[in-house]
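Asker: Generate the whole structure from the sequences, applying the supplied hints.
So the protein lines, in turn, are chains V and E.
Residue 106 in this note's numbering is what sits at position 106 of the first sequence, and the numbering runs on without skipping anything.
Residue 100 in this note's numbering is what sits at position 100 of the second sequence, and the numbering runs on without skipping anything.
No lab work stands behind these hints, which were simulated from the structure alone.
Heads up, a few of these hints could be off.
Since the list gives no way to pick one copy over another, a pair counts as held whenever it fits inside one copy or between any two copies.
Said to hold, decoys possible - In silico SDA-like links for lysine to any residue, alpha-carbon gap of 25 angstroms or less:
(1) K103 - A114
(2) K41 - R91
(3) K41 - H64
(4) K41 - A12
(5) K86 - A101
(6) K80 - I62
(7) K86 - A24
Number of protein chains: 2
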Amino acid sequence: MHAQQIVEDFIAAWNRMDIAGAFAMMADDAVWHNIPMGPAKGMSEIQAVMAQFPPTEGIEFITHHIASNGNVVLTERTDKFLIDGKWRALRVMGTFEINDAGKIQNWRDYFDMAEMQREFA
Amino acid sequence: MHAQQIVEDFIAAWNRMDIAGAFAMMADDAVWHNIPMGPAKGMSEIQAVMAQFPPTEGIEFITHHIASNGNVVLTERTDKFLIDGKWRALRVMGTFEINDAGKIQNWRDYFDMAEMQREFA
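Answerer: Encoded structure:
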């Protein structure tokens, strides 16, 4: 499958709140790096990061732009989370690297930490 | 010219510190939006932003990944600036939109403001 399609499917899984399905699309030794926060290495660390996330009633990742170059897919998005009845929005760009097995090996998101803290307060 | 090539040439102009040459590649009504800081609209505002920048002895924009989709080009970079004899590095992703005249119409960079403040202090 084309790398870009894999990322589109991954984002679609988040948008139907199928976190288990999204995680199943990642390599066991995947690295998820929210750039201002440091990397989570491997699925157990990634799941531990997600477990710290507040209960979420809705997710909408809006993809403004997506482009691929070989196994690398770059995105410009607004990631929205419904928490405590209020939508929180984070402006973000992210890189996804797809391995030979068609799994997400690396996911790096770039955003302003202060914006995240304001939105999720 | 292909949109990606235009952005590669734009980054090359920065890397030889040809700021005038880089600005000549932007539309007169271009918008440069460093996401945490708000947009500069039009070349006079853009040049005013640049004029506030500290004197720079060297520039190296390292392009880790670049991909295009139509007239949109997405990049993952480390932007390095030599200021007061010290290299400052900012991890950034940026979107470039190329207009029909082959000029950069929109440039949006995503980064952590706290990282920028630490690096440029």
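Asker: Does the structure break any of the earlier hints, and which numbers would those be?
Answerer: Hints 1, 5 and 7 contradicted; others consistent.
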